[in-house]
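Asks: Sequence:
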Amino acid sequence: MTGLHKSEFPNPVVNWIDSRLPIFTMIQKEYGTFPTPRNFNYFWNFGALAMITLVIMIVTGVFLAMHYQPNVNLAFDSVQRIRRDVNYGWLIQYVHMNGASMFFIVMYIHVFRGMYYGSYKGPRELLWILGVILLLLLMATAFMGYVLPWGQMSYWGATVITNLFSAFPVVGEYIVTLLWGGFSVDQPTLNRFFSLHYLLPFVVVGVVFLHVAALHIVGSNNPLGIDVKGPQDTLPFHPYYTIKDSVGVCVYMIVFAVLVFFAPDFLGDPENYVPANPLQTPPNIVPEWYFLPYYAILRSVPDKLTGVLLMFGSILVLFVLPWLDSSPVRSARFRPIYRVLFWVFVIVCVVLGMAGANKPEGVWVIIGRICTAYYFLHFLIILPVLGKLERPLPLPESISKAVLGGGQLSSGAATNPMEKA
Numbered sequence: 000m001t002g003l004h005k006s007e008f009p010n011p012v013v014n015w016i017d018s019r020l021p022i023f024t025m026i027q028k029e030y031g032t033f034p035t036p037r038n039f040n041y042f043w044n045f046g047a048l049a050m051i052t053l054v055i056m057i058v059t060g061v062f063l064a065m066h067y068q069p070n071v072n073l074a075f076d077s078v079q080r081i082r083r084d085v086n087y088g089w090l091i092q093y094v095h096m097n098g099a100s101m102f103f104i105v106m107y108i109h110v111f112r113g114m115y116y117g118s119y120k121g122p123r124e125l126l127w128i129l130g131v132i133l134l135l136l137l138m139a140t141a142f143m144g145y146v147l148p149w150g151q152m153s154y155w156g157a158t159v160i161t162n163l164f165s166a167f168p169v170v171g172e173y174i175v176t177l178l179w180g181g182f183s184v185d186q187p188t189l190n191r192f193f194s195l196h197y198l199l200p201f202v203v204v205g206v207v208f209l210h211v212a213a214l215h216i217v218g219s220n221n222p223l224g225i226d227v228k229g230p231q232d233t234l235p236f237h238p239y240y241t242i243k244d245s246v247g248v249c250v251y252m253i254v255f256a257v258l259v260f261f262a263p264d265f266l267g268d269p270e271n272y273v274p275a276n277p278l279q280t281p282p283n284i285v286p287e288w289y290f291l292p293y294y295a296i297l298r299s300v301p302d303k304l305t306g307v308l309l310m311f312g313s314i315l316v317l318f319v320l321p322w323l324d325s326s327p328v329r330s331a332r333f334r335p336i337y338r339v340l341f342w343v344f345v346i347v348c349v350v351l352g353m354a355g356a357n358k359p360e361g362v363w364v365i366i367g368r369i370c371t372a373y374y375f376l377h378f379l380i381i382l383p384v385l386g387k388l389e390r391p392l393p394l395p396e397s398i399s400k401a402v403l404g405g406g407q408l409s410s411g412a413a414t415n416p417m418e419k420a
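Heads up: the sequence shown at position 137 corresponds to 136 in numbering that gives the first Met the number 0, and the numbers run straight through without jumps.
Derived from the structure by calculation, the hints contain no laboratory data.
Check before you lean on any hint, since a few could be wrong.
Unchecked claim - EDC-like, lysine to aspartate or glutamate: derived pairs with alpha carbons at most 20 Å apart: (1) K243 x E7; (2) K358 x E270; (3) K228 x E360; (4) K358 x E389; (5) K400 x D226; (6) K303 x E360; (7) K5 x D17.
Owing to the predicted nature of the structure, the values given are computational and were not obtained by experimental measurement.
With the hints as constraints, model all of the structure from the sequences given.
Replies: As structure tokens, this is what we get:
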């Protein structure tokens, strides 16, 4: 390929391959010498953790699929057989099962970090949108995977969630029948979900490549939320951030191992150790913990269609977040009012999760409705209005001066707060 500057490597075999297919040059350019802001904190570690978790989930999922039986009469027993009879099956299953929870912990922190530091603002709108698409794909994959063990909560969770589509006028019943493959959750449903659960992770990998490509085009945001002014503001990704990420990976794997070896069922539901019984409904049907806030939003209003629209809207609103936030400043470090309201929003999301885990009765109904109202108020009212009213703090002149020069401010900024754009 003409016009491409190729790197020289000490290994002659690598050089021979790279001269014909410059993959090593590309890797070195994108992951070796790639300039990254010099002030990353450990919240920028969670993208790498998400990629590692994705690899773990795909590898363990492939091995589990070798022994799983997608049959309503055999699925539950095949899962138990993997745990008891397959060599290291218990380990593979617990890693995969808890890996889903760890994946969502990492993803939610990654999303909240983006919201706090304004990583959704221009020119990173498409990067953010691809991230939201990834979140939706992970939710779909996790839901279908939760159905596969064919326990009580798997069966009834699938019944409740798929039934939500019946709330849509005209097309709702057709969508439900298409998902079920019949007139109830049964063998065709299990076949569909197993097939899609196996396929979607590879779709996720494709979107991850787009996400990373978009990141390397526009560059990374940073805790200050200001643009890179020159090479003095950046460091090569390797070795600085590969080493820093390695520390985070070690801590992450320790936490992961503690969960797998000492509390493998801590984040699960005991009801799912009971085989699916279409004639016996569990006393309280709840999804996995990472879906509980959306489940609380769904149950916050008595009307089924409104609840479904609110639940889907709570996720879809993230797509338009770059245009809802009217502030010219990215990072919450320089937005004192937004910083407080952001943590209020985080608390509201946690309380929504608690409301979703409890039965929809008594005080939890009121709490769920209040938190649901605030959730949408934050996006649709607070962000558009606050950006016009809030007076941001002064911004540093550059990343390097803020990091190496004691946080020097641009001329005039030290005495006068930044004017709104």
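Asks: Each hint: holds or not?
Replies: Here is what the structure says about each hint:
no. : hint        : result
1   : K243 x E7   : violated (26 Å)
2   : K358 x E270 : holds (16 Å)
3   : K228 x E360 : violated (55 Å)
4   : K358 x E389 : violated (39 Å)
5   : K400 x D226 : holds (13 Å)
6   : K303 x E360 : holds (16 Å)
7   : K5 x D17    : holds (8 Å)
Comparing the model with each earlier hint shows violations of hints 1, 3, 4; every other hint is respected.
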